[in-house]
Structure formats: C-alpha cells, structure tokens
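**Student:** Spelled out from the first residue to the last, the chains are:
Number of protein chains: 4
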Amino acid sequence: MTLRFAILGAGRIGQVHARAVASTPGARLVAIADPVAAAAEKLRAAYGCDVRTIEQIEASDDVDAVVICTPTDTHADLIERFCRAGKAVFCEKPIDLSLPRVAACLKVVQETNGKLMVGFNRRFDPDFMAVKAAIDAGKVGAVEMVTITSRDPGAPPHDYITRSGGMFRDMTIHDFDMARWLLGEEVESVFASASVLTDAKIGELGDFDSANVILRTASGKQAIITNTRRASYGYDQRIEVLGSKGMAAAENHGENRIVLADADGFHSAPLLNFFMTRYVAAYANEIASFIAAVTEGAATPTTGEDGLRALALAEAALKSVAEGRLVKVSEVL
Amino acid sequence: MTLRFAILGAGRIGQVHARAVASTPGARLVAIADPVAAAAEKLRAAYGCDVRTIEQIEASDDVDAVVICTPTDTHADLIERFCRAGKAVFCEKPIDLSLPRVAACLKVVQETNGKLMVGFNRRFDPDFMAVKAAIDAGKVGAVEMVTITSRDPGAPPHDYITRSGGMFRDMTIHDFDMARWLLGEEVESVFASASVLTDAKIGELGDFDSANVILRTASGKQAIITNTRRASYGYDQRIEVLGSKGMAAAENHGENRIVLADADGFHSAPLLNFFMTRYVAAYANEIASFIAAVTEGAATPTTGEDGLRALALAEAALKSVAEGRLVKVSEVL
Amino acid sequence: MTLRFAILGAGRIGQVHARAVASTPGARLVAIADPVAAAAEKLRAAYGCDVRTIEQIEASDDVDAVVICTPTDTHADLIERFCRAGKAVFCEKPIDLSLPRVAACLKVVQETNGKLMVGFNRRFDPDFMAVKAAIDAGKVGAVEMVTITSRDPGAPPHDYITRSGGMFRDMTIHDFDMARWLLGEEVESVFASASVLTDAKIGELGDFDSANVILRTASGKQAIITNTRRASYGYDQRIEVLGSKGMAAAENHGENRIVLADADGFHSAPLLNFFMTRYVAAYANEIASFIAAVTEGAATPTTGEDGLRALALAEAALKSVAEGRLVKVSEVL
Amino acid sequence: MTLRFAILGAGRIGQVHARAVASTPGARLVAIADPVAAAAEKLRAAYGCDVRTIEQIEASDDVDAVVICTPTDTHADLIERFCRAGKAVFCEKPIDLSLPRVAACLKVVQETNGKLMVGFNRRFDPDFMAVKAAIDAGKVGAVEMVTITSRDPGAPPHDYITRSGGMFRDMTIHDFDMARWLLGEEVESVFASASVLTDAKIGELGDFDSANVILRTASGKQAIITNTRRASYGYDQRIEVLGSKGMAAAENHGENRIVLADADGFHSAPLLNFFMTRYVAAYANEIASFIAAVTEGAATPTTGEDGLRALALAEAALKSVAEGRLVKVSEVL
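Chains S, Z, X and B, in that order, are what the protein sequence lines are.
Mapping of the first sequence onto the UniProt record's numbering: position 139 corresponds to residue 139, and the numbering continues sequentially without gaps.
Mapping of the second sequence onto the UniProt record's numbering: position 244 corresponds to residue 244, and the numbering continues sequentially without gaps.
Mapping of the third sequence onto the UniProt record's numbering: position 204 corresponds to residue 204, and the numbering continues sequentially without gaps.
Mapping of the fourth sequence onto the UniProt record's numbering: position 147 corresponds to residue 147, and the numbering continues sequentially without gaps.
Keep in mind that the hints were calculated from the coordinates and are not lab data.
For chains that are exact copies, the list does not tell them apart, and a pair is met inside one copy or across any two.
Think about it this way: if two alpha-carbon atoms lie no more than 30 Å apart in a straight line, the pair counts; the simulated DSS-like pairs of lysine-lysine are: (1) Lys201 x Lys245; (2) Lys201 x Lys139; (3) Lys245 x Lys132; (4) Lys93 x Lys319; (5) Lys93 x Lys42; (6) Lys319 x Lys201; (7) Lys107 x Lys328; (8) Lys132 x Lys93; (9) Lys93 x Lys328; (10) Lys245 x Lys139.
In isolation and in its complexed conformation, chain S is listed as follows:
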C-alpha cells in the first residue's frame, strides 16, 4: 500500500516534509496547498504533484493523509476538518496556543476516531532515540534526573515572537516534550525562572530570552531545562539522563569533525546553526514513523495528548514566571 499525501502549507517546514514524503518508499506526494501561488508552484515543480485548494484536498479521493504546515492559528480547525474527512493527520506543533482549544480539538479527533500525530521532531533524532533506547534497555537504571540544554543560536524576528506565543510555547515546548518522554512519568509541578538578557526589545514584547525550568514528577524525579535565545557557538542541543546505574548523554553536532591545532591550542567548528540541518535525520524519521503507523494501523508515536501535555507545561511555566511561584500542572490542565 502506498500512502498518498497532501501537504498544507509550502513554507520552510512544508518543504522539509515534502522532501521527506517524496523520498520515503511507500509514500507519494499527491497535492500541495498554499495561498501563495509561487510557494505551491515551487513544490509542484520539484515533485510533480498537483496544486489544490484545501477544500479540494478535503474532498480528494486520492489523498489518504495530510501534513499540516500552515500558521499555528489554523492548526486546530484543519485537524478537525481533516479528521472529519477521514484523512490521517500529521500536524506541526503546537495544536493551538490555547489549552481549551486544544482540548476541544482532541475531542473531535476522538469522536471521529481520527488518526493524529503531532510533530515533536526531536523524539526521532537518532541520538536522542539511542538515549531513549539505552534507558529502555535498563542501561541507566531507574531514571532520576534529566538535564536538557537547549539554546538557539539567535532569536526569531520580533513579530514572530508575538505570534508564536512566546519562548515557552514556541521553543521550550520541544524540551517539555523531551522531558516527559525521558522521565517516563507525568510532571506534577513546574518552577520557571525567566530573564531578558540578550535583547531588551524581547522584554518589551512581553517575552524573555533566557530561562531555567525545573519539572518534578510525583515520585520526585526531576528534569531541568536551560534555555537561551542566543548561543554564539551555534544550536546547542544536549540531553543527559542520570539514573541509578549510570548516565546517558547525547552530544552536540558540529559543522564538521576536524580539529585544527596551532600555537593557541585546538580549535573545532561551531555547532550546526539551524534546526533544519541539525535535525535533518529527525524530520525524515518522523514522517517515516507517521507513514508506518498509518499504513500498519498502529498508534502514532506522538499523539494529540502529547501536544496537549507539552502545552500545559508551557502554560504552567508561564504562570510560574508571572507569579514567582511553584505551579502544579493540575492548576492549568
């Protein structure tokens, strides 16, 4: 069986998924939709697919699955529409910036018996998968502490900061998902400490650029997330899991693996600077996992519930910063 795809949204991330679909055996890119004709045309030319409207795709018999890469505020509506249309849905995170809206959307998914996967690409990074496999194989024993260092090379444009819902909902949300995945227990409380240290304008927009967050489960396991919007040396993405028997850690990806030595010492390249190059394998694995889940009638590896819970942690972190106190997840969810 070949899974026939439509991509909704031909922007940066839409292009990533189009390439992933086109190069995956067992998948075929049938159609692309984008209000910007040039963007859609570019993908059509590259992959020989149709350009259709969202309505046309909704009604298409030759489309089994859609990948939603449109702006965030359209996600929940599109998920509902395409679940109702009986298509399998892969949606970029977040489902919505509002928790109640997400909950309502997931109700529709459930009622329609829809198949939904939310795009937490990092779970599909080969190194992070190897860390998870080491945990699952008992190599670190009982998980006790998760440490996530997640630093962007630079802040996004100011207008994006407002639209994105802020750092916790836009950037840390990936770390929240990783923490849940690695802890293996739901988070019970959140304390977050956020600062504006790199760009005062970000503060004026009501956001921050530097934060540490402590997550804690009922049994006392903890995760610490450290974020910044500005790491001069590149896109810093490390995770470390300490357990009763040992530790598993994933190291960064440099631009290359050469070392230069001279009278000043040893020098190696900065880190890969862009999430699309750093996570190129993760994006490919992610779509392949979606295809496998749909084709085999299995559960998707990341679900609407995962999307909801990661967003709830972001909400709790925001509340923690706003009120300067420890916040129970039950206060927001």
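Got chain S sorted already, so can you dock chains Z, X and B onto it with the hints?
**Tutor:** Just chains Z, X and B now, kept in the frame of chain S:
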C-alpha cells in the same frame, strides 16, 4: 619570611593540609594538635613537627598561622580564639551551621583585625581558575547563565549526614560559592527542588540526595546547580558559563586518559572518585594562596563573608524546599 | 541543462551512484545496464529508467554521461568505448590493475578529447574537504607530514582478494590518492612493510592484511599510511596533516553521538562499519562534482592521471614489499 | 629500610630526581655532587643534604644508591665505578652513544653483579602504564600494530644537537624503547625516512628534524614512529596499540581541561609544552620503582639491556637513513 604553621585536627583533611604546608616553600609545619594521639603522632612522624595541645598552640610564639580542620561545631570558637591570639587563620568550611553564630564570629574577626580565609578549595582548581580567567578576560562577554553539575560518587555515612547539616550545607555549599564567584553578582533569590531517590534512609534522617537549585541575581543572571549523592561513574564536577559572547566550560577528570576500542565501541575510565584526588592541585594552590596573602599582607582570596553568604544560600535553599516556594536571600540574611 | 546518465553495472556501488544521480538537481537517470536482469530491474523499478545493453547505451542519443560500475577488468575498455562515443565518463577506481593498460587507456581519452573522472570518493568527504581547505587557507603552514590511518572492519571474501589485485591496489589506493592530494607534491619514493597477521589464508593467496607505508617527496615531505583489514571497533578513517604552523586532523564517525557512563566508565558506539554509510555524503558530493564539471565544461576534480599515479604508488609499494627495499616511483612509472 | 641516595649532577634532570627522592617514603637524599658549586648548593639548601665530590660519594658508607644525571659521555664510566663500589645505580639514558662502549659497560655491571636501572621515564607514565596493563589483561588481543606519535614543541639548541648524538639517539630513543615494550617482541628490522623541514641549520649539523620509522618483528608485528622537532601546539605524545581484539590509545595532556566556545567554534588549550611537566608523574613513579626494586631485591623494571637495545634501534635507523635501505638489527648489534 617563613610562615610557621600549626594544624588543628589530624584527620583526613588535616593530613591534606599538612602535606600542602610541608611541601610549600615559604611555609613550615611547626605543630599539630589532635585529641587522638595516634593521629597526631602520624603527622609528627611524617613531617617532624611537634605535637601540642590547642592551648599550647594558642600560646606559641613560634606559630604564625593555624589551619582549622577540627569538627564543624568547634570552628567558630577556634576562629575567635586564634584571631584574638593574633594568628592568621585558615578554616575549613563551614564556619558554623548557624548563620547567627557565623555572623557573631565574623564580628570578632573584624574587631580583632583578624586574617581569616575560609576553605572553598574549588576556587583554586586550575581548570575552574582558567574558566574564571576567561570570564575576567572578556572571552565569554557578559555572564548570563552558570550551570554547575556536582555529583558525588556516593553518600557519606548516615551519622555524618546528620552532623553535617545536610546536603545543602555540606555538599551544595561548594556549588553556592562557585555560583557566586562565577556570576559576579550577589544572588537575590533561591528556588530549590530536592528529592530522596537513592536511599530512603537519607529521607528518614531529614535530608535528601538529589536536588536542583536555581539562583537568580537582581539583574536576572541565573545559576543552576544539579546535585546527586550517587553518580555511578565517579565524582562528576562540571561548570559551564554562558555569556553574551560565548561559553567557557570545565570538563571532568577521568582516572586516566586512555581509550579502549573493541567490538562494543570505545571505552574510557570512570571519573576520579574522591574529592582529595580530584582536587589535589586545588588544595595545594589554596594553601599557597593563603601563605601568599598572609606573607604579603594582602586580603585572603576567600573570606569569612564568602563563608557567610554561601551558608545563607544553603539556608535559603532549605527554606525553599521546606515551604515549596521561591525564597529571597534577604529572608535569611 | 540536464545531464542525462546511464549507469553501467547495477551492483552495490552502481546502486549508490544511481541514487546520487536520481537525487541531484540537474541530473537524470536515463538507463541502466547489467547482465544480471534482476539487478537492472531493481534500479529500473526504483528510478523509472530504461534497461538497455551497453551497446544500446553507446548508441543512445539521450545519454550524455556514463558511470562505470562494472568489474575492474572491463573499466579500461569501457572508458575507451564511451570516450569514443562522446560521452562524459565517470569510472570507479581503479582504471585497470596494469599500469601499461591504464597508460594506453589514458592515451585514448586524450586523443578523443574525452572527459574522464576517476572515483576517489574520499576527496569529497566533507571532513577531508575541510582539512584540505584548512591547508589551502594556510592554517597549517607548509605541509610536512601526512598521517593516514585507514583500517577496514574486516577483510573482503577470499575470492575478491585475488580479483582485486590485493590490498595495495584495492584498499590502500584510496590512501595513496589522499596522500598525493594532501602533500601537494608528487611522491618520489615508497617504502612498504606488509604482514599477514589476521588471516593466514590471505597470505596463501599472495596478499597481506596489515601494512605501513612511507611516502616521500623530492623536498622531503612525508606521508605515512597505516592499514589493517581488521579493526574490531569499525571502519577507522583518520587523516592528520602536520605543517609549519599547526596541524589539521579529521576524526572518525561513530554510529551515534551518545555516551553511556556507568561504574566501568564511559562508553560510546563503535565506528560506522561500512564504507557506504561512512562515505554517504562523499558519494553524493562526488557525483555532484562530476555533474558540475561536465555541465560547466570544467576540468574534473579527479582525473585519469590521478588514477594512474595512485596505481603507480600501489605498484611501487608491492615492489617494495617483494624486494624488501625502498623503491623510486620512477622505477614503475 | 631507608634507601640512602646520592645524586650525581645537579642540572635540570638532577633536580627532578632530587625532588622525587626527597618526597618518596623509604628514600633519603644524603648527598649531591656537581662541579658547579652553585648548582649543588641549590639542592643542598632545598633538601638539607651534603655536597660531596664523586670520589667522596664512591667511598661513602652512608650511600646505598646513586642517580647519574651527569653529561652522557660520563655515564658508562660512572656506572662501572659505582657498580664496583657496590651501589645500586639509576642512570639517565643513554648509557653511551657508542654501542660497543655500552656493551663493555654492561659486562662490568654483570661481573660486579651490579644493580642498574636505565631511565626510560615514559614506561612509568600512568596513561602508558594503563595501555600496557590493558594489553597484559588481554583487552586488545594479540598485538599487531603500534603507532607512536612523538613530537617535540621545538628543537634543542644547535650545540646540544651535536653533543646529543642526533635525533634518533636523543629523542626517538624513548620511542624505540616504548615500541619494544609495547610490541612484546624484539625488533628485527628498521626502516627510517628522515628529512630536514623545520630548520636548515639542523641539516648542516648532520642531523634531521622530521622522521618516520617502521620497526618490524620476526612474526610481522610492526611499529611506526612519527617524529618532528616542531609541533606548534605543544608536546605531542600519543601511543596507539592495535590488536586482534581491539585498540588501546593514550591521549595527549593539555594545559588545562577547559573549552571556550564562541562564534568561531570551540577552543581548548595547547598541550603541555615541556617534558618535565608532561611527565611529572612518570618521573616520580620511575624513582619509586627503582627504590622498590632495590629495597625488595627485585629486578629493575628497565635494565642495561633495555638501554642497549634502544640504542641499537637508533643505530639501525641512522644506518637506514644513511644508506636508504632496510636495515636488520643484527647488522648493528
């Protein structure tokens, strides 16, 4: 000028300092005091010094400086007595487990114009000094985030846990001092999250074995400390400082620098397992710095104030755990 | 302009090049030839190209370039035929196992004004390219010493060992090419020391499995190559260039980038075990370079001359082992 | 039993050994001899020992062992004199620059039943000892290939180059000893390729500054040594042993273990630049091993035979360079 020393307390750390004094040009070990005759005799035999009582040392004309390595509950008294006796004083941390007692002791130091150095050995570790030098040289720009990973290979005996004042006052106190030193600003608030994950008995004794602490200064700089009493792979001591221009990080010290490769991959040795081997150079540098400060009439590089402020952070962290909330340092100091 | 390709030989390496051609913008895979119908059919199914005979391809108007992936003893003939047919030719190394045969072939290439690129894939590895770029940018100063550690995870089948012309012509030939490329001067003399240490049968076949080779240029620059057919920890591929100002070194590629720590120490994965996974980027860059050279009418980055000279170094090394002496390259070329 | 020492020669290496003797339990520094009064006086002042002439030491009842740190051309005579005087002898390498003279000296050692240890300090480096222990524990299986990278940060003064007997006898001799120790079999043949690449004056003095040497045992095991007199990034001292089961490698020692990251990438310190700081632990272990061997009446871990055989490899390498050919060790020994 040769600085003439007496060591008070011939236990484990007293032996470390005796060796440091004996091997430092410009210093001479004159006397040792310990109620356990065998312990004192061992050092006498090794270094050819006298065995004297504390009272005799207090009255000795041939002793310029003392190193206090006695149990914690005697530190403040001895500091006061030897400052009054006009001797320069090096005292192991902490000055006392009670903040008011520490404050009272420091008042005596001030009144007697005493010279006091408190033993925060990590500031004298060559790698940590190199990190600090890099900050001072502007290599990381303005400091924004300090990350301290500080994990002991195993918990101390249960009876020591009670006597020591618990993990924050005994173990984390070093990390609090490092954080103050690296942040370059005083800490304003503390949030701590502590768990019992490695040994339930530790919990029954009123202590914990796993913790994350977020420290924050008035300008929003932050430090995160992550502790455990059990790291299977050795004594894990890392610091990382992120600034506007870059990052400086100090790596761990393994038992050796060899790598074995076989069909299972690449293998290297666990970390040095004991603070005395890991920080052997730090202990030597520390005493040398004390000797230099006394000899040159300069300020000691670590002071009673440093001892007070690190203890205040421990108190604030304890309060944070007890009350489940963010604590201002001004609440305890 | 789109460059239209035929692939001759649908074996392992033919599949690699087919994928590279199919995924390169500006190239199109038109036809595949292989006497084994199933092998050809597999590529036809995957890429939608024709299956043709070599004679048909020779006569095809819709083929601009061929990639020769057939057995070694057919290479020289095919190069000559397709140069005469006016096609651009990419040929896997070696051109032939006989130096005179290679020289005769290159004469035909020259007479037909043919465009020939020989497949030394390692020159297109991103890390090795970064080392070369560092040299060219003056970062190591004048090159003095090149050290190449090149170890296979396991020996090829015994029947391949005979067909391949032995370790120097089959395996070390890549290192000879790298050495020439990095030294930036032609090699004048060769000393090789070869042993049979991993499998006595290899010795019975007249080959060896372990060798060190010293190459030397007229100005006294040197390269050292160390080879084995059996590295338990994977495919070990390191280069190091020492110059007057410093050193540039390319490190190995592990199966992943995670580290596991436990009471036995720190553990990381073995090296990528297979040349096709280790050099996946190199193979893609290689074909892209060929396409660019043909399309732009530029010289190919690796030439028939490179193929000839690397083979000459292999011949000199063989003579050195056979006669137990230093051999001048002029003795064989 | 306390071993009572005299040091002959109060230069740089004499000072190293004096410190080692003075700080080793079970040893006592009794006397120092040096024709330069100021040099002897410096050690007397530091360690409270006597200053005596060599003749006086020879006749001293209170001296059990001597450490010979005088110029090379006096070594053999002093070994003979002190063996005849019944003292245990530790002598810095080399015993002499002439193989027959060494052989004659060792005959005297044998006839007098003398106890002689030759100073190959690297065998006592903790990392290299760990590599050897890994081999002995079977971790690498049967040893096949030894790779020694041994690069000095800078050439010695020109006048020393002549006196020292040249690079092979002065610098590579340590690598020859390491190769013998790690191979676990005697070397049968030597090929050396030497160049003058860093300083033409060194060539005018009849020496060279860059070399590669291949050593080979009867069973075909090989060692490769790569040397230069100028490594801009410090004192590069690596060994790597490949065997049937795996590899053991010892890594370099940097000036510290910090990493700086910025927009240009990651930076770490140059290597320790001086053999005395790099091998500080080795020198201490070496003297401790000598003391233990003498005290316990055991064989010394390095012997006159080791000194002879390492020198023979240097002679063979010199002959190989002079005659441009492979040299059997039996030609020189």
